[in-house]
Amino acid sequence: MKTILYWLLQVAAALLLAPLPIGAIRKVKALVQKRKGAPLLQLYRDLLKLLRKSAVVSDATSWVLRAAPFVVFATSLFAAAMMPATVRVLPDAFPGDLILFFFVLALGRFFLVLSGMDAGSSFGGMGSAREAMISALVEPAMLVGLFAVGLFAKTTSIPGVLSAMTALGFPLLQPSLLLVFLAFVLVLLAETSRIPVDDPATHLELTMVHEAMVLEDSGRHLALLEYGAALKQYALLALLADVFLPYDPFAAVPGVPGVLLALVAFAVKLLFLSLLVGAVEAATVKLRFFSVPNLAAIAFILSFLGVLQFLIPGR
Amino acid sequence: MKEIRRSVAPDDLPDVATRLVREQGLSLAALFAIDERSANGRYLLRYVFTDRAAGSLLTLELPVAHDPGTFPSIAATVHAAALYEREIQDLFGLSPVAHPDARRLVHHGNWPDGEFPLRRDFPLGRKPPRAALEQPFRRVEGEGVFEIAVGPVHAGIIEPGHFRFSVAGEPVVNLEARLYYVHRGIEKLCEGETPERVLFFSERISGDETFANSLAYCEAAERIAGIEVPARARYGRVLFAELERLTSHLGDLAGICLDTAYGFGAFQFRMMRGWAYLMADELCGMRFLRSVDRIGGLRRDFAAGKADSLHGQIARIRAELGDTSALIHANNLFIDRVETTGVLSAEAAADLNVTGPGGRASGVRYDVRRDFPYAAYGELGVRVSEHNNGDVNCRMNVKIDECLASLDLMDQALDAMPDGPVLAAVGPLPPHRGAFGLVESPRGENLHWLETDADGNVARYKVRTPSFCAWPALCLAVQGNVVPDFPLINKSFNLSYAGNDL
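Protein sequence lines, in the order shown, are assigned to chains A and B. Mapping of the first sequence onto my numbering: residues 1 to 315, in sequence order. Mapping of the second sequence onto my numbering: residues 316 to 817, in sequence order.
Think of the hints as simulated: they come from the structure by calculation, not from any bench. Computed from a prediction, not measured in an experiment: that's the story for all the values here. Warning: the hint list may mix true and false statements.
Said to hold, decoys possible - With a straight-line Cα cutoff of 25 Å, these simulated SDA-like cross-link-like pairs (lysine to any residue) come out:
1. A:K36 - B:S640
2. A:K269 - A:A153
3. A:K53 - B:A470
Said to hold, decoys possible - Covered by chain B, according to a simulated footprint, are these stretches of chain A (three or more residues, beta-carbon under 8 Å):
4. 186-199
5. 204-210
6. 271-277
As the list claims (entries may be wrong) - Residues of chain B placed beyond 12 Å of chain A at every Cβ, according to the derived structure:
7. V421
8. E458
9. I542
10. Q628
11. D716
12. G735
13. R748
Note that CB positions come from ideal geometry on N, CA and C, so glycine has one too.
Starting from the given sequences, assemble the full structure and let the hints guide the process.
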């Protein structure tokens, strides 16, 4: 019973909160640019609009193009649900694992890359090739960073990691975890197609990465892909919030009010991380495409130093 | 502006033209034909060279008989001639002999052979049958070389044009632009029209060069009529021309920032562009500066009583532009993006007669306002921006420099503008006369040729906007860059499609 309740809560939190960070990032950028910008909840409206529309699918495509939106959405939702919005109602037998989390997301991306190539248009192919290159580049940084976190917690199971981090109090004071946090922020930017790796706002097909792969999708297929992208971003932000900002200011409040307050605290953490991403986006420009490996290398080195920092002085 | 016209024999032409360009340092600014068969049974080709140092034009006139309808190509040594010769081949049916690449240019594969719209016996409104001819692109062959086809319809609200990239991975090996999707037949439509009506055509050649085109047209018509434009109108024309340059450059700068995802810079420049449009609106009630020019001066005394308000708005833009320029130059990531991107060599710029900001960023020290002064520029002193590296960064800096220079010129023009009439009386144009209008549009050297018929109406109106010369330069500058940098390089030139294809 507790397990079912937990998963229901997790899925509901993910579905409800996922579009929020994107709205916050857009708002921050708009304000920096002296614009009013779109309303904070605009993405919710866009998704509702798209979900009501039927999809137009080219008859030159295979089942991959039709299946990809569902696979992307399902994998992203699974990964997002795996990251606890609150640890208050954690079930006893919780199956989540950081390695599983990572490769569930990779499965979604695999289908996204395939669907980009499916229609045979040059833009989709270019987007897929670039996405595959970028993901191969940032994967080592992500994995090594997860190992550093795992070394601290002596496990890669998500509840184990969370309880270890909560026990630390403020993990960012640990040099090794601070390095991994910085690496993860870079990975987050690359994985969620933000500036400086990709420009989510561009209309120029020749420069697109993520947007080029979804050019052939429309209507509810597009809604699922956009929702999937939002859920993926939510999952990664939740990872950062859970691992590096585990502080719960309402730990003393018991029962249902405590759970609700903890959820509010979680949403605030998401918004704080979104502000960070928005600030980075506003201050930087898109890198030259062949400078992206440098960014990935920096992320990898930060993660690797995090591991060394843990191993060499000990704890 | 001094002007020399000489006849030349077909056999001498290649040597003479090559010597003029290679030894005398002249530039081929235009090459166009006129169908004079009804008067004297032949076509006439005009090769227009600019002598920038002396501030004079030299025109070589080459008569070409209808049969066999061939003329010697000079494209092998005078590279700027290549496109003009192909254009004449498509529109007049005259063939350049020994042209290195004599494929179609203006006509696409759906236009049948043997139909030449600018011949006088081709009736206006004739619709030739649809053809399905092959229209090959230049092929790059080799392992791992792919073609990317982009356009003619694009994602943004821009003009149509097809770009064929040959790429090896991300780097571009070759780019060919197929344009001419917006042919409106303006040169044909103007034949036989009254000079007053042709002014309206000139204003509609290219949306963002309205004033530059109408000014070049008026300069040509006034030269034929032999009238002096009143001083107040000459200063007023400087004001409008610089305002158009300012709005155009601010838009380009916003585009450069936007294509690198530098939203802050983009919206700063867009805001200033809005302010500049407000000035245009205050001056003439029209942001696109149509119906401002008139043969003989300006339609109205637009600047009367607005000097103080305009000075204030100019100061506001100057201050904001200075701050923004300092901020974007302090952003290392942004500068890294634009430096060494899309280099146009000085040699290519000179060979192709690339003028305007694109040329001045590549070491071309040429500005029509300084070297062939018109309107009131001779009395004002024009600051010409000088950059040498030919990359996106240099083109951006040239445009920033020119925005500041334009603001200064507008201030000066407002201060120096004498009182008096703004329009000189113009009668009918004298028959069988021809003259050039040469002005600096926001994109560079803008050359118009106007020729009258027996009634004083227009016999031939040829427009060569700077975009015509610069499109091949864009294709060169893209070579060796990665595909995602193309939009940025394209935006740094920001050429006109409509101005290229009348």
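The hints, checked one at a time:
1. A:K36 - B:S640: Distance of about 23 Å is within 25 Å: holds.
2. A:K269 - A:A153: holds, 22 Å
3. A:K53 - B:A470: holds, 21 Å
4. 186-199: holds (count 3)
5. 204-210: holds (count 4)
6. 271-277: violated (count 0)
7. V421: Per Cβ check, V421 (chain B) is outside 12 Å of chain A; nearest 26 Å; holds.
8. E458: It holds; E458 (chain B) is separated from chain A by about 17 Å at its closest Cβ, greater than 12 Å.
9. I542: holds, 48 Å
10. Q628: Holds, because the least Cβ-Cβ distance between Q628 (chain B) and chain A comes to about 18 Å, which exceeds 12 Å.
11. D716: Holds, because the least Cβ-Cβ distance between D716 (chain B) and chain A comes to about 22 Å, which exceeds 12 Å.
12. G735: holds, 42 Å
13. R748: holds, 48 Å
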